[in-house]
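Guided by the hints, dock chain S onto chain U, whose structure is given.
Listed in order, the protein sequences are those of chains U and S.
Quick note: the first sequence uses this note's numbering, first residue 1, plus one each step.
Quick note: the second sequence uses this note's numbering, first residue 1, plus one each step.
In short, the hints are calculated from the structure, not lab data.
Since the structure is predicted, the reported quantities are computational estimates derived from the model, not experimental observations.
Beta carbons are placed, not taken as given, at the ideal position from N, Cα and C, and that holds for glycine.
A hint or two may mislead.
Ranges of calculated distance between the beta carbons of each label pair, as one might list FRET restraints [unchecked claim]:
| hint | chain 1 | residue 1 | chain 2 | residue 2 | range |
| --- | --- | --- | --- | --- | --- |
| 1 | S | 225 | U | 195 | 23 to 33 angstroms |
| 2 | S | 143 | U | 189 | 41 to 51 angstroms |
| 3 | S | 225 | U | 189 | 23 to 33 angstroms |
| 4 | S | 256 | U | 114 | 50 to 60 angstroms |
Sample of chain S residues facing chain U (criterion: CB under 8 angstroms; computed from the structure) [what the hints assert, rightly or not]:
| hint | residue |
| --- | --- |
| 5 | 221 |
| 6 | 223 |
| 7 | 224 |
| 8 | 244 |
| 9 | 279 |
| 10 | 284 |
| 11 | 291 |
| 12 | 295 |
| 13 | 301 |
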Amino acid sequence: MNETPLLQLRNITKSFGSVQALSDVDFEVRTGEVMALVGDNGAGKSTLVKCVAGTHSADSGEILFEGEEVHIHGPKDAANLGIEVVYQDLALCDNLDVVQNMYLGRETHDWLQRLKEPIMEQKTAETLKSLAVTTINSVRQPVATLSGGQRQSVAVAKAVQWNSKLVILDEPTAALGVAQTEQVLALVRRLAEQGLAVVIISHNLHDVFETATRITVLRLGRNVGVYERARTTQEEVVHAITAGVPTKVSGIPGTAHTGATA
Amino acid sequence: MSASGLDVVTPDQGAPDEELHGLAAVYRRALINVKSGNLGVLPIVLGLVFIVVFFSFKATNFFTGNNFDNIIVQMAGDAMLAFGVVFVLLLGEIDLSISYVAGIGALVVAELQLPGSGHQINGLLAMVAAVVVCALIGAAQGSIVAFVGVPSFVVTLAGFMIWQGVILQKLEQPGSIIIQDRWINYTASYYFSNIAGWLIAGIITAVYALTVLGGVLGKRRAGVAIGRPWLVAAKLVGIAGAAFGTVAISNHAQVPHGLPLAGVLVVFFLVVLTFLAKRTTFGRHVYAVGGNAEAARRAGINVPRIRILVFMISSAMAAVGGIILAANVNSVDLNFGGGTLLLNAIAAAVIGGVSLFGGRGEVRAAFLGALVIATVSNGLNTAGYATGIIYMVTGVILLFAVTLDTIARRLQVRSGR
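Only chain U is shown next, with the shape it has when bound in the complex:
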């Protein structure tokens, strides 16, 4: 584990007025791994992600991407680095078809701003195929006619088709049925296998243990620890989420906690 993590956050602090949302939070994710970010409501998961996505900017602390310090001031900055976020509410347009959604805001066009539909359609089909999303009949059907799992698959495919390096999934399986959840979790694992760094935010520990390589636990805006899935149990993680002692030793997450990675 000597390689530099793809994304490293150090001492991120963020407050909204008098509310301290994040204090000195560290976080990292490596290429090819699924890092779960868990914690109770108000633990700071979403705030942390928004700092990376460019929706918020941290009050202090540093963000290192591929080992170099970066400043993310907006969603465009994040996208330029290769960071894509798939939000809980999907951010798809129901009235547009799969192709149109996949290319939303980044349409292929010529000098006359004319859309190059055939190329977009072909590439969409390729992307879906490479991610083994096979349940969608036609890439020309409106997203409104897709099931929840299919929609989530489209949202994920949309995020990864732009040569992204890091994909952050916010509650990807919320409101999905059992079979559809499996479909999406398999897709999440496939992303990591294909060499992306994946961050999955979830309340559902079953999902986390199905997919994650490592698990970062936040509580009350502070680090509790980082656990390796293979060496921990759901009980330990639940305990960390609900009663974990916020720790913070010399900038390395989780060193003070037993069972955590060094």
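Chain S only, in chain U's frame:
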């Protein structure tokens, strides 16, 4: 022309399955369409055919060249306003100011062509100036909607009052301004010769055929599935039939004789705006903002910019419509922009199938809707019915069309889950 059009699609007709089960495929596709909430243009085209046949029997002087030319010129102004409304409705917004913005457009044109006023300019330039002035009005109204967040209903209702006030204030003294400029009046009163009419029908058919051909070739090059070839052929034949049929009827008109320029202008804007809506990034973004503004924003689309541009289109098209409406009566008076103009324009778009909730609808809907309204109104008029009856029938048609569309939409939601 239609023969060459058929040649264009012949290569695809060899595709397996499709031609063999022609009629069965038609039925199946129609069923799928209805199930997925996409009624397409078929109901309204059938409705239009029914209306035409009905009035042809009802009134002896309905199915005549002269009356067809009348209908075309009568619908032209409303259709232009309705084209602009489509874009606003696609965003899920509304523009109530268009009728009086049309009045402002007509007023600007009338003022600028006024001989001896000291600011008389060429009629063509005057029309351009009117469109620019109205586009700026749209930009102002759109900016308030986009940046301040005032609901478009309120902003444009204010616009409705303000621009009506401006017209009343400006025309209080003269009462009306007569339009004498021949370029301006041509928009409603120029008729093409027989030959020119046929040529225009040929050009329309050829352009459509080439567009279809381009689409098919592009898809083939990218190895993407091509839609049903027989449907493409049927549409092409339909377009050619409509174009040549209209010219044939218009050419039988006595005085004035031939295809009206107003009709050609309507088709021109129909084509240009359809291209804008369906084939450009701008159009795609309009649909996206109407479907889910937050998703559009996250996708990096400049939502305020789209909103402002749409309100500019709406006002600019209102100006175009206003010019034609003024040219039709050769003047602008105190009452210009009042009456049923606003509601007819919105009704035209809605009858054609444009959703009031945004994201769903096409420019051609406004064309067909305006045609329905103009034809019904003309037919009832020709058959000797009073204005009250015309309003009532138009209202019933509007209600019927929207009910049909709503039912189709509910079916779509159900088939999707």
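So, going through the hints one by one against the coordinates:
no. : hint                              : in the structure
1   : S:225 / U:195: 23 to 33 angstroms : 31 angstroms, holds
2   : S:143 / U:189: 41 to 51 angstroms : 48 angstroms, holds
3   : S:225 / U:189: 23 to 33 angstroms : 31 angstroms, holds
4   : S:256 / U:114: 50 to 60 angstroms : 38 angstroms, violated
5   : 221                               : 7 angstroms, holds
6   : 223                               : 6 angstroms, holds
7   : 224                               : 5 angstroms, holds
8   : 244                               : 29 angstroms, violated
9   : 279                               : 5 angstroms, holds
10  : 284                               : 6 angstroms, holds
11  : 291                               : 4 angstroms, holds
12  : 295                               : 4 angstroms, holds
13  : 301                               : 5 angstroms, holds
When each numbered hint is compared with the structure, violations occur for hints 4, 8.
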